[in-house]
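Asks: Single-letter residue listing:
2 protein chains.
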Amino acid sequence: MKIYDVGMPAPNPRRVRIFLAEKGIEVDYEPISLLKGEHKAPEFKEKNSLGQVPVLELDDGTHISESISICRYFEALHPEPPLFGKTPLEVARIDMWNRRIEFAVMGPIGNVWRHADARTSKIVKQFRDFGEANRDTAFNAMRWLDRELAGHDFVAGANFSVADISALCTIDFGRFIGLEIPAECANLKSWHERVSARPSAAA
Amino acid sequence: MKIYDVGMPAPNPRRVRIFLAEKGIEVDYEPISLLKGEHKAPEFKEKNSLGQVPVLELDDGTHISESISICRYFEALHPEPPLFGKTPLEVARIDMWNRRIEFAVMGPIGNVWRHADARTSKIVKQFRDFGEANRDTAFNAMRWLDRELAGHDFVAGANFSVADISALCTIDFGRFIGLEIPAECANLKSWHERVSARPSAAA
Chain A
265 MKIYDVGMPA PNPRRVRIFL AEKGIEVDYE PISLLKGEHK APEFKEKNSL GQVPVLELDD
325 GTHISESISI CRYFEALHPE PPLFGKTPLE VARIDMWNRR IEFAVMGPIG NVWRHADART
385 SKIVKQFRDF GEANRDTAFN AMRWLDRELA GHDFVAGANF SVADISALCT IDFGRFIGLE
445 IPAECANLKS WHERVSARPS AAA
Chain B
265 MKIYDVGMPA PNPRRVRIFL AEKGIEVDYE PISLLKGEHK APEFKEKNSL GQVPVLELDD
325 GTHISESISI CRYFEALHPE PPLFGKTPLE VARIDMWNRR IEFAVMGPIG NVWRHADART
385 SKIVKQFRDF GEANRDTAFN AMRWLDRELA GHDFVAGANF SVADISALCT IDFGRFIGLE
445 IPAECANLKS WHERVSARPS AAA
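Going down the list, the sequences are from chains A and B.
Take the position in the first sequence, starting the count at 1, then add 264; the result is the number in the working numbering.
Take the position in the second sequence, starting the count at 1, then add 264; the result is the number in the working numbering.
Treat the hints as calculated values from the structure; they're not laboratory data.
All copies of an identical chain are treated as equivalent in the list; a pair is satisfied when it fits inside any one copy or across any two copies.
Simulated crosslink set (DSBU-like; lysine-lysine; CA at most 35 Å straight-line):
(1) 311 / 453
(2) 389 / 304
(3) 350 / 266
(4) 453 / 309
(5) 350 / 304
(6) 311 / 350
(7) 266 / 304
(8) 266 / 309
(9) 453 / 350
(10) 350 / 287
(11) 386 / 311
(12) 453 / 389
(13) 287 / 311
Keep in mind it's a predicted model, so treat the numbers as computed, not measured.
Using the sequences provided together with the hints, build the complete structure.
Replies: This is the structure in structure tokens:
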């Protein structure tokens with residue numbers, strides 16, 4: 265078993281690394297070079313036809329892509345500690361929060377990266393006005409998350425979950441492209457300190 | 265228990281209705297008028313601070329939003345027939361396919377709807393060039409899905425799953441906004457006939 269990975273600062277491979285660190289599971293990583301375009305090469309597209317990392321390769325040659333789907337595979341094999349919830353309500357609430365982070369917060373941050381960052385301008389066709397407009401959407405999403413964090417320690421409630429992992433990788437990736445947490449977002453900042461202090465955050 | 269819904273052709277509420285029809289579960293629906301802006305009213309935002317439908321309301325007043333998270337709640341309560349998989353590999357593979365449909369296929373279709381459709385031009389600020397460019401991305405995504413469907417009956421493999429529900433609602437919403445399945449996509453067309461023939465598709 266191994267995981268094709270691209271290392272920091274890509275948010276999706278990092279989600280899997282943090283998840284496995286929280287579970288105490290060790291897996292071999294094989295680096296893929298985005299700069300060399302290895303993720304778009306035919307031999308990699310046989311592993312994931314969308315040409316995206318991470319990809320989990322099982323010993324029988326089966327491939328699973330999508331970071332959260334890889335995490336679900338390990339959650340099913342190693343249920344403790346539960347990071348996707350146990351009761352029907354926990355399962356639904358954590359999934360809801362993970363999706364909210366992905367669509368409402370990572371969505372606009374990803375649009376800024378793809379459409380308004382100099383580093384991607386050579387790789388993809390950019391729609392600069394669209395990308396620039398997403399900066400405000402991203403900051404407003406952080407303000408919304410700040411309000412939602414009032415009164416509880418973690419994104420989905422009292423316990424650390426995969427939604428915190430998605431949110432940490434999202435917020436840190438925002439920083440990497442210049443979208444710092446707005447100064448007034450005290451709840452979001454203290455949450456960020458709390459989850460960044462966990463050993464898994466170094467993964 | 266009830267579900268706040270907006271009816272056809274919105275793809276997300278329909279995903280929940282089809283899912284419940286496949287499970288044989290009946291839930292009351294309360295209609296929300298998007299035209300009247302009821303989803304953005306303060307009393308609705310107490311149920312879902314993002315102002316989106318559907319929202320599941322439990323008898324104790326708990327709310328769950330995000331269509332797939334609502335489906336996961338019912339899957340946990342009523343595991344049969346399994347629509348999210350049972351073994352770790354099935355769980356991962358169905359989740360991977362559901363996410364691929366959402367990000368790779370619904371993503372560009374949603375961008376066309378929000379940024380290049382006359383019906384949304386009065387409601388949101390559009391980036392028309394970006395929206396128009398997403399038409400080709402959407403068609404290419406359908407061609408990719410057509411290739412992936414070769415040799416199996418359903419999106420995630422041999423069995424009907426929540427990934428087929430997401431794909432059906434996505435493809436039908438594409439049609440609604442003028443993005444027909446490309447003529448050469450024979451696998452995608454026969455899959456579409458197959459899933460549309462299920463009684464649940466009328467939900």
